[in-house]
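Participant: Those protein sequence lines, which keep their order, are chains A and B. Sequential numbering of the first sequence, starting at 0, is according to numbering that gives the first Met the number 0. Sequential numbering of the second sequence, starting at 0, is according to numbering that gives the first Met the number 0.
The reader is advised that the hints may include incorrect statements.
Okay, the calculated beta carbon distance ranges per label pair [stated by the list, open to error]:
{"#": "1", "chain 1": "A", "residue 1": "Arg419", "chain 2": "B", "residue 2": "Arg61", "range": "38 to 44 angstroms"}
{"#": "2", "chain 1": "A", "residue 1": "Asp389", "chain 2": "B", "residue 2": "Ala15", "range": "44 to 50 angstroms"}
{"#": "3", "chain 1": "B", "residue 1": "Ala19", "chain 2": "A", "residue 2": "Trp5", "range": "44 to 50 angstroms"}
{"#": "4", "chain 1": "B", "residue 1": "Gly51", "chain 2": "A", "residue 2": "Arg271", "range": "18 to 24 angstroms"}
To be clear, the hints were calculated from the coordinates, so they are not data collected in a lab. By construction, the Cβ of each residue, glycine as well, lies at the ideal position given by its N, Cα and C atoms.
This is what each chain is made of:
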Amino acid sequence: MERWVWVTIIITAYLGVTLAIGLAAGRRTSDSVQGFVAGDRSFGLLVMYFVTGASVFSAFAFLGGPGWAYSRGAAAFYILAYGALGMAPFYWIGPRVAALGRRFGYVTQAQLLVGRFPSRGLSLLVAVLSLIAFVPYITVQMRGAGIVIETVTEGHIPLWAGALVAYGIVIVYVLNSGVMAVGWTNTFQGIFMVTIAWTLGLYLPIRLYGGVGPMFEEIALSRPGFLSPPGLDGSGAPWSWGAYSSLILVSIVGLMMWPHLFMKAFAAKDDRTLRRTVILFPTFQLFLIPVFLIGFAGVLFTAEPLAQADSILPFMIMETQLPAMVVGLFCAGALSASMSTGDALLHASASVVVEDGIRPWRRLTDGQERALMRGIVLMVGAAAYVAALDPDSSLVLLLASAYGLISQLAPPVVAALYWRRATTAGVTAGLAAGAATAVFFWLNPELKPLEIHEGILGLIVHIPTLVLVSLATPAQNPEEVETFMSAA
Amino acid sequence: MSLGTARFLAGLYFVAMLGAVTWPGALPFIRIRPFVLGLPFSFAWIAGWTLGAVFVLWGLDRVEGRYRDAD
C-alpha cells in the first residue's frame, strides 16, 4: 500500500477518536445555556490545564512557530516570552471573574462588563470587536488544517476537502456538546500535540545534526546574528527592538482578553482549579522549545529558502523519509493544534454573538438561545471556510491586527474589577478611541513611531480617555457599584 | 512570609521578567554562548524566566492558601 494511504488511515482514526470524545463529552451537561457556554461550571484541573494550553497554542504556534524560527530566527522567541507574563495576572483576575459569574450568572466577558457598566451599546461593541478578531483567526486554523492534510497525503486530499472534513467534525461536536466537547477534545489534543512536538523537536536535530547543541553551533557559524533577538523581520532584514518589544507587550496585555480564553474562568469548577491552571500554564508554554527546534533544524536543511516559511514543518517531515506512522501522527498533532483552537473560537463566537450582540436587544427563551447559538456556529464556520479557500484572502491579513483590537478589552476589564470611579461613558469612549487608534495605525503602518505595535498605540490613547471621561462624568450609582464590587 | 511580601515579590518577579525579555533590559543578555542544555543563551534566558514563573506562582499560592485557610 502506498504511504499516503497509510497516512490517511491514521488521520482518519485520529479524527474518529476526536469525534467520539467530543460527542461523549456532552452527555452529562444540562441542556441549557449555562451548560452549553460554561459547562455548568464543572471543569477540573486536568481539563482546565489542557483547554487553556491547547486553546492558546493554535495552528499558528505549531506551523507558524517553526516558520518564524526557520525564516526569522530569534524573532520567534517573542512567542515564548509573553505566555507566562500574559497568564500571571489571571491568578488574581480569574477568581474575581469566576465569583462574579457565580453570583450574577455571567457566562461571557461582555456580560461582566455590562454588569458593572450598564449599556447595551457597550455590549454590542464588545461583541463586534470580538467577532472581527475571531473570524480571521478561525480562517487561519482551517487553512492550517487543510494545508497539513494536503501536504502529507501528497496532494491526494486537497486543501478544501481536508479543511471541510476536519472542521465538519469540529462543528458536529461543538453543536452537540458545547463547551464540554471543547474541554475534553482539547485534553486529548493537548496531550497529543505536546508529545508530538517534543518527540519531533528532539528527533530532527539529532537525526540531521547529531544533537541540539551541534545544530546551533552550525547555525551560529553560518548565520551570525540569526540567533540573537530581535532576529529578522518578514523580509529577512534585521528587526527593530521597538517592534519586537511592543509585540511582546501587546501579546501580554491581550492574551487572556481573548473571549474564548477569558470565558473559561466561568467554566472552572472552583477558584483553586483556576489558580492552579495559571500556575501550571508556563509548563505547557515550554512546548514552544521543541517547536522552535524543528524550525531551526530546517535552517541549514533547505538549500533554497522555502517560499512559504510556514510549511517548513510539513516539508521536513516529508523530506526526511520518516515512516508513514510518524507522518500520520505528526499530522494528527498539527490537526490537534488547529482544531483545539478552532473549536474554542467557534464556540466562543456563537456565545458572544448571541449573549452580547442579540440577547440584550431581544428577549429569548433558553431553548431559543441555544438554537440560535448553534445557527451562529454554522454561519461563522461557513464564512471562515469560504475565506480559508482563498489564498489571497485579506481576512488572513486581519489576523495580524487581532491582538491590537483584543488588547483594548483589558482596560475595561481592569476598570470594572478594580476602579470604582470608572463610568459607563468613560469605558465606552476609551474602548471606541482605543480600537479606532489601533485600526488607524494598522491601516497606516508607516506612521507608527519606532514601529511600535498598533495595539500599544491604541492603549496609549485608550487609557487616558477612559480615565478623563470617567472623571468628567457623574459617578455610577454607589449602591450598584458596591453590589458588584463586593461580589468580586 | 506575610501575604503582602509574597504578593510584592511575585509582582517584582514578573516586572523583572518583562524587563529582562524586552528592550533595553534584554540587551546585556543577547549572546549565543554559553549554550545552556544545547540552547543558545538568549533562548535559554527566556525559557528560564518562563520556567521560574511556575515556582514563583506556586510559592505565592502556598502563602495565599495559608491566609485563605485562616479566613
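Participant: Please test the hint of 38 to 44 angstroms on the beta carbon pair from Arg419 of chain A and Arg61 of chain B.
Facilitator: violated (31 angstroms)
Participant: Should the hint that Gly51 of chain B and Arg271 of chain A are 18 to 24 angstroms apart at their CB atoms be regarded as holding?
Facilitator: holds (22 angstroms)
Participant: Evaluate the given range 44 to 50 angstroms for the C-beta pair formed by Asp389 of chain A and Ala15 of chain B.
Facilitator: About 45 angstroms separates the Cβ atoms of Asp389 of chain A and Ala15 of chain B, which means 44 to 50 angstroms holds.
Participant: Do the beta carbons of Ala19 of chain B and Trp5 of chain A sit within 44 to 50 angstroms of each other?
Facilitator: The hint (44 to 50 angstroms, Cβ to Cβ) holds, given that Ala19 of chain B and Trp5 of chain A are roughly 47 angstroms apart.
In summary, the structure is inconsistent with hint 1 from the numbered list given earlier, while agreeing with all the others.
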